[in-house]
Amino acid sequence: NAGVTQTPKFQVLKTGQSMTLQCAQDMNHEYMSWYRQDPGMGLRLIHYSVGAGITDQGEVPNGYNVSRSTTEDFPLRLLSAAPSQTSVYFCASSYSINTEAFFGQGTRLTVV
Amino acid sequence: KNEVEQSPQNLTAQEGEFITINCSYSVGISALHWLQQHPGGGIVSLFMLSSGKKKHGRLIATINIQEKHSSLHITASHPRDSAVYICAASLAPGNQFYFGTGTSLTVIP
Chain H
1 NAGVTQTPKF QVLKTGQSMT LQCAQDMNHE YMSWYRQDPG MGLRLIHYSV GAGITDQGEV
61 PNGYNVSRST TEDFPLRLLS AAPSQTSVYF CASSYSINTE AFFGQGTRLT VV
Chain G
1 KNEVEQSPQN LTAQEGEFIT INCSYSVGIS ALHWLQQHPG GGIVSLFMLS SGKKKHGRLI
61 ATINIQEKHS SLHITASHPR DSAVYICAAS LAPGNQFYFG TGTSLTVIP
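Protein chains in written order, with my numbering: chain H, 1 to 112; chain G, 1 to 109.
Hints should not be assumed to be uniformly reliable.
[To be verified] Stretch by stretch, here's where chain H covers chain G in the computed footprint (C-beta under 8 Å, at least three residues):
hint, segment
1, 66–80
2, 92–106
[Unchecked claim] Below, a sample of chain G positions facing chain H; criterion: calculated Cβ distance under 10 Å:
hint, residue
3, V4
4, S7
5, N10
6, L11
7, A13
8, G16
9, F18
10, L35
11, G42
12, V44
13, S45
14, M48
15, S50
Just so you know, the hints here were simulated from the structure itself, not pulled from any lab data.
For each residue, glycine too, the CB sits at the ideal point set by N, CA and C.
Extracted from the complex, chain G is given alone in its bound form (with noise of 0.2 Å):
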C-alpha cells in the first residue's frame, strides 16, 4: 500500500509557466515535507509544513490537514527547476519518512 500519493509523475512545462504538483495521505502525520532531487544528485529539503503555507522565492507549499492534501507551487518556472520532487510524509516516533514517488519536473526555455 502507498500511503503518500503524488500527482502527476512526470510534468513537462514552458519556461515561465506557474507548475503545480500535488501530494495526498492516508496516514497521521507529523509533518509534510517537500524535497528536490537533480540527476545523479542528492535529496534536498524544500519545505517542512504542519499547516497553513510556506514561501521560499518562487516555491510556495500548502497544506490542508482536514483533507490530507499539500500543494507545492513553482510560479514562473526556469529550466533550473528541472528536477525531480518529492513529497513525503515524516511520522513518530523517529521522524521516520514515508515518500511519495516522485514528479519528474522539466522546464523547457
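Extracted from the complex, chain H is given alone in its bound form (with noise of 0.2 Å):
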C-alpha cells in the first residue's frame, strides 16, 4: 500500500497560471478531503468528497475547483493562480465517518 500520494511535491507557477495537484490513494477510501496550510492559520478545509460524483466546498474554495471521477483520485484544479494562494497543501483521505485520516506528504506551491 502506497496510502494517500501527493504530486508533485514542489511547484512554482506564475500569477495567472493554472495547474492541478494530484492525490491518489490505494486503501479504497470513500471519503477525501482537500487542505490549504498557512502560517498563523493552521490547516484549513478547501474541498472534500463523500465518494465519486459527491463533492463539496470547505472554508476556502475559492479559486479552487475539484471533481471525483474516480474512488481513488481526487485532483484539486487551480483556475488562475494567485500569490494568495501560496501555501502548503495536504489530501486526506478516510474510510469513513469515526475513522481515522491518512494524510498525503504535501505539495508546496509558491505563486509569484
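Reassemble the complex: the two chains are provided individually, in unrelated frames, and hints are given to aid placement.
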C-alpha cells in the first residue's frame, strides 16, 4: 500500500497560470479532502468528497475546483493562480465517519 | 471564527517532563483527532477519540464530551517528541477536519 500520494511535492507558478495538484489513495477510501496550511492560520478545509461523483465546498473554496470521477483520485485544480494561493497543500482520506485519516506528504506551492 | 481552540501555541520542556496540550471545540463533532507534524514533514494521526481515554506508549489522550475539551499528555518527554501537535475535529458528512492552530513543542535534552 502506498497510502495517500500527492504530486508534485514542489511547484512554482506564475500569477494567472493554472495547474492541477494530484491526490491518489489505494486504500479504497470513500472520503477525501483537501486542506491548505498557512503560517498562523493552521490547516483549513478547501473541498471534500464523500465518494465518486460527490463533492462539496469547505471553508476556503474560492479559486479552486475539484472533481471525483474515481474512488482513488481527487485532483485539486487552480484555475488562475494568485500569490494568495502560495501555501502547503495536503490531501487526506478516510474510510468513513469516525475513522482515522491518512494524509499525503504535502505539495508546497509558490505563486510569483 | 475558530471552532477549535488549542493551547499553548508554543511549549518548551526539559527532557523527562510531563507535558499537557489542551484543545476545546465549539461544534458538534463526530470525533476528535490528535495529529503530529515534524518540521517540513507530513501529518500523522496519533489518536482518534469519540469518548474516554486512549494510550499509546508515552502518549495519552482524553476527551470530555460534555465540556467539549480534550487533552494530549506526553509522559517522560524526549527530544524526539519535538514536533507540532495539532488538534482537529472531524464532522459529518465527509469526515472533514477543522483544525486548531497547533502547538509547537521543543524538548531540550
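Cross-check of the supplied hints:
1. 66–80: violated (count 0)
2. 92–106: holds (count 11)
3. V4: holds, 9 Å
4. S7: Cβ of S7 of chain G sits 13 Å from chain H, so the hint is violated.
5. N10: violated, 12 Å
6. L11: violated, 16 Å
7. A13: violated, 22 Å
8. G16: violated, 29 Å
9. F18: violated, 25 Å
10. L35: holds, 8 Å
11. G42: holds, 4 Å
12. V44: Hint on V44 of chain G: holds, closest Cβ of chain H at ~7 Å, below 10 Å.
13. S45: At about 5 Å, which falls below the 10 Å cut-off, the nearest Cβ of chain H leaves the hint on S45 of chain G intact, so it holds.
14. M48: M48 of chain G check passes; min Cβ-Cβ to chain H is 5 Å, inside 10 Å.
15. S50: holds, 6 Å
In summary, the structure is inconsistent with hints 1, 4, 5, 6, 7, 8, 9 from the numbered list given earlier, while agreeing with the others.
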